[in-house]
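If you're matching them up, the sequences are chains A and B in order.
Going by this note's numbering, the first sequence runs without a break in its numbering and finishes at 431.
Going by this note's numbering, the second sequence runs without a break in its numbering and finishes at 282.
Hints in this document: simulated from the structure, not taken from any laboratory.
Predicted model only: the values in this text are computed from it and were never measured.
Hints should not be assumed to be uniformly reliable.
Unchecked claim - Here are the simulated lysine-lysine pairs, DSS-like style, with alpha carbons at most 30 Å apart:
no. : chain 1 : residue 1 : chain 2 : residue 2
1   : B       : Lys120    : A       : Lys242
2   : A       : Lys102    : A       : Lys148
3   : A       : Lys210    : A       : Lys102
4   : A       : Lys15     : A       : Lys102
5   : A       : Lys167    : A       : Lys102
6   : A       : Lys167    : A       : Lys242
7   : B       : Lys78     : B       : Lys15
8   : A       : Lys243    : B       : Lys155
9   : B       : Lys155    : A       : Lys102
10  : B       : Lys15     : A       : Lys242
11  : A       : Lys243    : B       : Lys190
12  : B       : Lys15     : A       : Lys141
Below, each chain spelled out in residue letters.
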Amino acid sequence: MTTAIRVDSISKRYKIGAAQGKFRYGMLRDVLVDGITAPVRMARALVRRSNGEKVVPDNYIWALNDVSFDLEEGRVLGIVGRNGAGKSTLLKVLSRVTEPTKGTVTVRGRVGSLLEVGTGFHPELTGRENIYMNGAILGMKRAEIDRKFDEMVDFSEVGQFIDTPVKRYSSGMYLRLAFAVAAHLEPEILVVDEVLAVGDAEFQRKCLGKMGDVAQQGRTVLFVSHNMSAILRLTQEAIVLKKGALIKRAPTPEAVDFYLASGQAETGERIWGVEEVPVASAPFRPVTLRIKDRTGKVVDTVRSSEPLSVEFEYQLDAPLTGLRVGFYLSTMRGEYVFTSFDTDDARLYEQFGARKAGRYVSRCTLPADMFNEGRYSLGVNASSFGVRRYFMDENALSFNVDVSGAPGMQWPEMRVGPIRPRLDWKIEKVD
Amino acid sequence: MTEIARHEPTTIYIKPSTGLTALNLRDLWTYRELVFFMIWRDIKVRYKQTLLGAAWAVIQPLMTMLVFNFLFNGAIAKVSTDGIPYPIFAFTALLPWGLFTTALNQASRSLTSNNNMITKIYFPRLVLPVASVLAGLVDFAIAFVILIGLMLYYKVTPAWNVLWALPLFLLLAIITALGVALWLSAINVKYRDVNYALPFITQFWLFVTPVAYSAKIISAKWQVVYSLNPMAGVVNGFRWALLGSGSGPDAALWVSVGISVLVMISGLVYFRNMERTFADTI
């Protein structure tokens, strides 16, 4: 067997400000001010060092830290780890979107990803034009696109609209066309990041199906997912990442066991380390987010038929006015289910609209018979309406809902929709 | 999906790039079809949903020429043109100038407006500014037709040397535009100040380029400083090649060429240097 991927002690360093400041671009002004004050700071640092004080290190984070592994051609490798463990960064380095800070990777063949669907699509161009455009962006030669063109159009099922600008397409058609191009790239190596996958359930199933096909054909696949059953089903071998380091490589069942047992799997609790809190969120500092069952135990899986509570603990380093802390609940597919804030109630707003500095817990209970089966994502937000958003993490914590005991369980079927309420049905005979 | 191993896959080495080896222009060559497609997309999309469409490529230089003609050929000043009719004198300069400013405007935004491509897939990032600059050639070609019309009207016949001189001066304009565009686009990824500075830069640059006036009005002691502006060399060259104005290539032109190449090479190095963090900072 030949080696498809050789990863040799790669590390990737991010500046925290740069990685998280999505809405904050660098400004020349900052750099200029930085340059002018640098001598002063250096002098201060020297004085401090000579006084035996600790110098605060720069705001860097190692998203990948000395990761090495080899992967043979035709193998399917699962990558597991919690949020921020470096899974996506690893895929980005392998697909050459970003350069490693240290180390080397040798990749034999073209790396494709099902994430790239529709990249470079232009709404004004027709379906045909976009196929060529997108194909070229993905690295296909014109002749290759010519050869596969009909197959792509068939696959996308948009045949008769192929010469219509894609801005007139429905979102489903758009996605199908985009997927058709990505799926026909036929890369030697395919990377799939389920965590970031977009689209509806049907589309995601198509992605996973495509991945299965690719693996069957003897190509190499890297698969990132939070869904352990998908990892178990689709991969033979898995690696576990923790804080940027590779801590385990083993046959998948063993690796998954290790991951779950090591307690770093999603456990119904999210703890923010100091390095994970952006400087810009001050004076707000998230501490923990927990999901508890009826008995007060922190759990990853809750029963649909029982109430659960969500607890968000945070620190205010300075008093804040107009603060509201709350969460977004969404399905793993990214559809929002609802949004709620701790000061939604006018009385609570009066009492806690202005908060002194200190440690707080905002807690709420979600009633029983609310969720349908599946995995849900909890995002947290702390803001003063119309003034400033202090902190936001769209995907702070996820949890499973188990539907045993929910209404309608006598029929072993999947119910559609994110909620599964116990409704008060009446049946009357009216004739 | 039938044939799996059509060819031996190429091996790619991913490592932190350092120094000049990182220039990797061969990669740009591999992706030359993408450059072509990006240019083509730019052209197809540029005048979509506009009333006048590609006519804008003509209207812009034509209107500027009329304004210049009003201001500098009578109303405020009377610019000396060596006996060349002022409208054609100005229009000849507005062609490369328009190419230059369009290239800067489009290219400096080329990375930021395609950030979804940059954060998701690999391709040589140079493709974007290069394609933006080259796409401007289409507008240039359209406006050139008008110039030919003006030349027929004013009965100006260029000398034979136009055949080799014009392409070379056009190349100089493209190299200059690309060099500046590489700097601006790479800086723009990190500092959006570029968007605000650019109108000011192009305006200022227009003043120090002999577009509305003749380079001859610059006093001798400033000529050397003046030739540091590569666009001055381009504009003088266009006038010389097309209208026979001025003395043709001289030492000042070589200064312009040197500066232009210098800006281009330093731009390439800076761009490649910043490229590794584009996906992280954009």
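Does the structure break any of the earlier hints, and which numbers would those be? 2, 3, 5, 6, 7, 8, 9
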